[in-house]
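Undergrad: Sequence:
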Amino acid sequence: MLLRGTSCLLRVAARSSRWLLRERQHSSLCHRFKIPRDIQRFNLHSSLPQRIQRGTEYLSFSMTRMYKNGTDTNVEFLVNPVTVTDIKQFLRSKDFPFHDGYSCLHAPSIFMDSPRVPGASGKETYSLFIDKITGQFLCKDTLVEGSWEDFQDCLEVMQKEGQAFLSGDVLLGYRESPEEQEEWERELAEVQRIWSSSVPFSDLPEEEAQLIKIMFQIPKVSNTTLMTYGVRLFKPTKSLVFPWFGGPESNLKGVKLLSAQHTDTGNVSYTEATVPKCSSYYNLFGIPLVGRTDTEVVLTSCELDVLAVSQATGLPTVALPRGVSCLPPVLLPYLEQFKRVTLWLGGDIRSWEASKIFSRKLGLKRCNLVRPGEYQLSPLEALARGKNLSHIIKASIPAAHKSIVSFRQLREDVYGELANTEQVAGVKWTRFPELNRILKGHRKGELTVFTGPTGSGKTTFISEVALDLCMQGVNTLWGSFEINNVRLAKIMLTQFAMQRLEEDLEKYDFWADHFEELPLYFMTFHGQQSFKNVLDTMQHAVYLYDINHVVIDNLQFMMGQENLSLDKFAVQDNIIGAFRKFATNTSCHVTLIIHPRKEEDDRELQTASIFGSAKASQEADNVLILQEKKLVTSPGRRSLQVTKNRFDGDVGIFPLDFIKASLTFSAPIKGKHKLRKVSKPENEEVKADGVTPNPNETTVKKEKAEKAAKTPKTPRAVKNSTGKETVPK
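Sequential numbering from 15 applies to the sequence shown in the working numbering.
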């Protein structure tokens, strides 16, 4: 065999030999090619830990743990990023026709046995799509997909050997190990078992079918609609089954099971499970029913909303596989044919934010957004309340906006923030209620600067803060340059399990399986790094995985060896400004750890203690300081101080106790410490309730006390029984 450079194709030595065929799975792409990855992934799913907390039953599958020899889990360098300019230049150099799309370049497929006329304008021949950001390609007719390097190799080989096309078996896909192959076959068998055991609604007794519909709050969805979309009932768990049909022959590739549970408040809580696992489930539910000539589509966040919109409006409707948490770029080619995409992801603020983020991937000019509000709920709720869904979709607003707007255009947004103050405040921490009292929540698009003394536990504390949010579905990317990913993952796993797993290794697989389900990713950098590489990786992660929170530990490691000749404060200001712009443009929260200046051991840190110029504190939306009394060894020597909060101005400080057994921080027991709302200089008095008295009032009281001490007291006259006043001696 000949391995040509960094090619991702394996060539057979005999030129006459056919290239091996195997439709490869997207999930094994990085493993198959052994290409360096700029992000190390721990899977993408957000609801499993919440299911554990609620005690809700969900579908689980016993998987055999795989041990792999020689697998490098940390890659210390980046793949050279590809740009749309590079892609276009290569295609032009090969005289290969293409035209611009919304998020992809459209080109004729090189994997079909059909005449290809250069310069042909027939859209039906342009069935190969190349992602403008990543270069990933997909042929919609044959479902052959691969990386940009794959496509370059295929095109060069095709032209060099004078072939009109390449067979779909040109790409070699294989499982990394027999265990992985066995797992894939087991999942496929599980899919077939569930599907064959499920029952169509048309085969259910009318009363039972109606009870199931009421349980899932879809009483107005007809059996015809359910049958059209292939929805079935899996009786053992009383779950709805939504099929995933794909491949050239529209084979059954997976299923999603949706369970419903009524809460104490009278609402319905939905729990979903997918086979194969969520990281390999790329189903745009409803896409097989979309015609090739359709130019308009409604994009929803769940399968039940697809049923509601389709039945009420008749419009082509599809659902994202992972709700509002992620829009995988691999699905973008399936949405390229539509000139108008209406995003109706739900009726809350989080859905509204996701709509604006996803519209950037899809192309702002063709996207319309359904604004959440009192009369514009989720599609399923709107159908249940008898709303006109067609009218709501027609009233959607364009996603593209001008640089200058009037208050009339902002009026509804302002009302939405006033009516949903809790949602606007952001995601709440479950482990740090005191932080919720001050910051109110974790919000997208903000920059948080975090500092603390060396050795005080900054990384340990911020890892728990990020883990808390990640367990609630906040897609998180960690960039740890100070400690390696294995050690960081060990810390976070210990915090996740709330116990030392080295003392009970039998529980490791249990907690590791659940930890894998978190939407948590790690950069593979360590030590001094180029800031440009870090920023490119962050941009890449936001596009691929819809990252909502990036943690950088720490700033000093990005100031690099190449910048030694420059002013270090100017370099730092430039980096902070770039992070500020990144957070604003991508609606992603950035937490930046910065070491403080050297201070005396007996002095508390202040905002001015942050290393560098004042730009860090000026650009930041939040400034957090982990205070430590180094001369104190008792519990409570650490505290977290919020010195800046741009959201509503509240600042304060609260004590923290470090629990070494679980590497976690917690608030001390009530009564042991008092929460201080604000921090004042030592010479000012503080009332018992934590409120600082007025300085003027304090001064007046002191002056009165001094005056009273200097003035001799005059005895007070007392009336006797006769009514006369006498002065006691």
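Keep in mind the hints are simulated off the structure, nothing from the lab. A hint or two may mislead.
[As the list claims (entries may be wrong)] Taking lysine to aspartate or glutamate and the EDC-like style, the derived pairs with C-alpha atoms no more than 16 Å apart in a straight line are:
(1) K504 / D523
(2) K408 / E310
(3) K644 / D664
(4) K458 / E426
(5) K291 / E197
(6) K291 / E530
(7) K174 / E222
(8) K291 / E163
(9) K379 / E436
(10) K643 / D662
(11) K379 / D114
(12) K674 / E516
(13) K612 / E633
(14) K102 / D114
(15) K146 / E163
(16) K504 / E516
(17) K504 / D527
(18) K643 / E618
(19) K234 / E222
(20) K267 / E201
(21) K370 / E436
(22) K108 / E197
(23) K249 / D278
(24) K108 / E199
(25) K267 / E310
(26) K154 / D427
(27) K146 / E201
(28) K252 / E221
(29) K154 / E263
(30) K458 / E201
Undergrad: So, for every hint listed, does it hold in this structure?
TA: Now for the hints, and whether the structure bears them out:
The straight-line distance between the Cα atoms of K504 and D523 is roughly 13 Å, inside the 16 Å bound, and the hint therefore holds. Our distance criterion of 16 Å between C-alpha atoms is met by K408 and E310, whose separation comes to about 12 Å. The straight-line distance between the Cα atoms of K644 and D664 is roughly 27 Å, outside the 16 Å bound, and the hint therefore fails. For the proposed pair K458 and E426, the alpha carbon gap of about 20 Å is over 16 Å, so the pair is violated.
As the CA atoms of K291 and E197 are separated by approximately 11 Å, the hinted pair is consistent with the 16 Å bound. For the hint pairing K291 with E530, the CA-to-CA distance comes to about 11 Å; that is within 16 Å, so the pair holds. At most 16 Å may separate the alpha-carbon atoms for a hinted pair to count; K174 and E222 exceed this at roughly 63 Å. A hinted pair counts as satisfied when its Cα atoms are at most 16 Å apart, and K291 with E163 does not qualify at roughly 27 Å.
For the given pair, K379 sits about 31 Å from E436 by alpha-carbon distance, which is inconsistent with the 16 Å threshold. With a C-alpha separation of about 29 Å, the suggested pair K643 and D662 falls outside the 16 Å cut-off, and the hint is violated. Between K379 and D114, the direct Cα distance comes to roughly 14 Å. Compliance with the 16 Å bound is thereby established for this hinted pair. For the hint linking K674 to E516, the alpha-carbon distance of about 14 Å falls within 16 Å, and the restraint holds.
At most 16 Å may separate the alpha-carbon atoms for a hinted pair to count; K612 and E633 exceed this at roughly 22 Å. Under the criterion of a C-alpha separation no larger than 16 Å, the hint pairing K102 with D114 is consistent with the structure, at around 10 Å. Distance restraint check for K146 and E163: the Cα-Cα separation of roughly 14 Å lies within the 16 Å cut-off, and the hinted pair is therefore satisfied. For the given pair, K504 sits about 10 Å from E516 by alpha-carbon distance, which is consistent with the 16 Å threshold.
Note on K504 and D527: the hinted pairing holds, with a Cα-Cα distance of about 14 Å set against a maximum of 16 Å. A hinted pair counts as satisfied when its Cα atoms are at most 16 Å apart, and K643 with E618 qualifies at roughly 8 Å. A C-alpha spacing of about 15 Å is found between K234 and E222, which places the hinted pair at or below 16 Å, so the restraint holds. Of the pairs offered as hints, the one joining K267 and E201 holds, with about 10 Å between alpha carbons and a cut-off of 16 Å not exceeded.
Of the supplied pair hints, the one linking K370 and E436 is violated, its CA atoms being roughly 20 Å apart against a limit of 16 Å. Distance check on the hinted pair: K108 and E197 sit about 41 Å apart at the alpha-carbon level, beyond 16 Å; violated. Between K249 and D278 the alpha-carbon distance is near 24 Å, which puts this suggested pair outside the 16 Å criterion. For the proposed pair K108 and E199, the alpha carbon gap of about 40 Å is over 16 Å, so the pair is violated.
For the given pair, K267 sits about 26 Å from E310 by alpha-carbon distance, which is inconsistent with the 16 Å threshold. Our distance criterion of 16 Å between C-alpha atoms is broken by K154 and D427, whose separation comes to about 39 Å. In summary, the hint linking K146 to E201 is not supported, as the alpha carbons are separated by about 33 Å, beyond the 16 Å threshold. Note on K252 and E221: the hinted pairing holds, with a Cα-Cα distance of about 15 Å set against a maximum of 16 Å.
A C-alpha spacing of about 12 Å is found between K154 and E263, which places the hinted pair at or below 16 Å, so the restraint holds. The straight-line distance between the Cα atoms of K458 and E201 is roughly 36 Å, outside the 16 Å bound, and the hint therefore fails.
This entry does not satisfy hints 3, 4, 7, 8, 9, 10, 13, 21, 22, 23, 24, 25, 26, 27, 30, going by the numbered hints stated previously.
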